[in-house]
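Put together the whole structure using the sequences plus the hints.
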Amino acid sequence: MSIRKPAVLVLALVLVLATLFATGCTTGTTTKVKVGVLYISTVDDGGWSQAHKRGIDAAVAEIGASKVDLMELQNIPDTDTAKTNAAIDQMVAAGCKIIFATSFGYMDAVAAKATQYPDVKFEHCSGYKTAANLDNYFGQIEQPRYLSGIVAGMKSTTGKIGFVAAMPLPEVIRGINAFTLGVLSVNPTAKVYVKWTNTWYGPDVEKEAAVSLLNEGCDVLAQHQDSPAALKAAEEAGMFGIGYDNPMGTQAPKAYLTAPVWNWGAYYAYKIKAVMNGTWKVEQYWGGLKEGIVALDTLSSLVADGTQAKVDAVTTDLKAQGNDYIFKGPLKDQTGTVKVEAGKTMTRDEQMAMSWFVEGVVGEIPAS
Amino acid sequence: MDPTGFAMMIALFLASAIRISIPLLIGTLGETLTERSGHLNLGVEGMMLLGASTGFFVAVRTQNVLLAMLAAMGGAGAGALLYALMTVTFRANQVVTGLALTIFGAGVANTLGKSVTNQSTPRNIQDLFALQPLHPDLSGVQGIPVVGPVLQFIDTAFLQHNLYVYGALVGSALLAFYLYRTHSGLHLRAVGENPAAADASGIRVVAMRYGAIVGGGMLCGLAGLYMPLVHITTWVENITGGRGWIVVALVIFVRWDPLKAILGAFLFGALEIVGFRLQAIPALSGSIFFSQYVIDMYPYAMTILVLILANVRRKKGWQGPGALGVPYFREER
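If you read the sequences in order, they're chains W and C. Taken in order, the first sequence gives residues 1228 to 1595; the numbers are from my numbering. Taken in order, the second sequence gives residues 53 to 385; the numbers are from my numbering.
Derived from the structure by calculation, the hints contain no laboratory data.
Calculated pairs, DSBU-like style, for lysine-lysine (alpha carbon to alpha carbon, straight line, at most 30 Å): (1) C:K166 - W:K1481; (2) W:K1418 - W:K1387; (3) W:K1546 - W:K1566; (4) W:K1418 - W:K1571; (5) W:K1324 - W:K1259; (6) C:K166 - W:K1294; (7) W:K1310 - C:K166.
As structure tokens, then:
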């Protein structure tokens, strides 16, 4: 029995030390502006968080690493209010002046903390709440999604295009609709088959959804998911795919066509600078291709002939007209009912609340 | 949809279900081996993650599949050895130790996995685990009515898989043979049923338990390795996605039998992916019983049902190894 006590003590010591090292955080001097960033996963997840990290790094590079002090907390589940609160408290205690919360689910926690800490500026991605020190921001990813629809529509020979979709929320539905309208603009008889995974990030589930779509005869897959699993499934089946979030060409070189990608850097640099000069204000930012916050990745060599020219032409129109170019009447839903009459466009509020599929989408939106 | 097309969809579904059931099957074999010795190791998820991360790490660094599998067995086996040390030698609570192993394994795996994030399985290993048809070319018989389509169906569903699938099936047979047809297997079952009696008859209880726990852990490591190396072909955090917990339920569901495990794993695997197929049927996709959230519950619900049946029927073999979860004190015989 004599061995047990020391063994337990050593184990406990190892655990404590490991925890200390694992949570090590940066401490800064007062001359720099301290910036907090909350990530839902790790910054090398190959998806959503990595895109935000790319943006933060670009912003720091633009402003100068000597002027910004980053405090990044990863793997903060946005469904866990207690953890989110603790992370924000920790950031404020460390002296953060502006905090970027990069997932939708942080919204309520961030709103409550914004009231508690009026001197700190809060930036919440993809939400809708605001306060004197709480702003939200998002990008019109549906614009590059429309372009990726053109790429898919021109590539598909079966006329069946699959879409692996995360959650039945307006953000995702808007993207599927934009994608489908892009497909139909070049391939009017094609159909877009949607499968829901009910997860933003679940490579195994995403792969199974993709395999299911491939089994049903789809030859191009698109996705609103944060991992390259669907692309990899397409590659295995000898088919083609469109990524999301970040350039994903290296993940599935034999299948990759392109991807709608996020470039958050310009916005992050602008907002951090605003805190530094004291010009920060609430503006509910919603930029598109024109502002550069979203883009279509460079087309791979696998796209159909003539795709680049078509994409370039439509990019010009999208930059000029914004989402009005995509969501203009006449638009019909899956039952053929006219939802937007000819000559009209959808308002921002209507786009934000979109809960119906356009004609050409095959799949149901689960009642929630 | 025409009947042939529909049959093809079913065949493809069965093939997908078999492929996704492999980590469940191998994990179940491992946990069956462990539990047959009388130890309940709830650390399956942790050991699967340990095996997945160490194996994939070595695969990426060396491009050698054998080294990768050895590393997966070594990583998970080390976790199992730690568990055996705690529970067999120190007689710590098995449930708590198992849970700790799960948390520990996830931590180590995700830390190690960081260095191989965004890396793909080396091309030579992907090719090795590409689909390997088990039959001569069937194109000649496709035209024959009835026989052609039936052969096509069987072929698509059951005869076009990768080496890992075939290996897991052979492994089930081998484990069944070991447990029921060898002296050592008989001894192991005796240890799990009544360690005091086994001890009295000269069986080395502690050694058997160490062997079964570590061996079971190694199998769990191979189960985990399937996910990054073959199925997803890249590393992501918590890549096993809770399959270790399904395994714990599955072992009970198949009543500690390696052969029944094949069918059980297939059934639970099919449940995992059936939701996407049902989404294609509008009449069903609206029903709450076919919501993926509810479908994810079925494996556990069915396991509870088996537990209830086991209590009602009081049949031999349904209750599991007699000494399961009970630490053995030689001095207290």
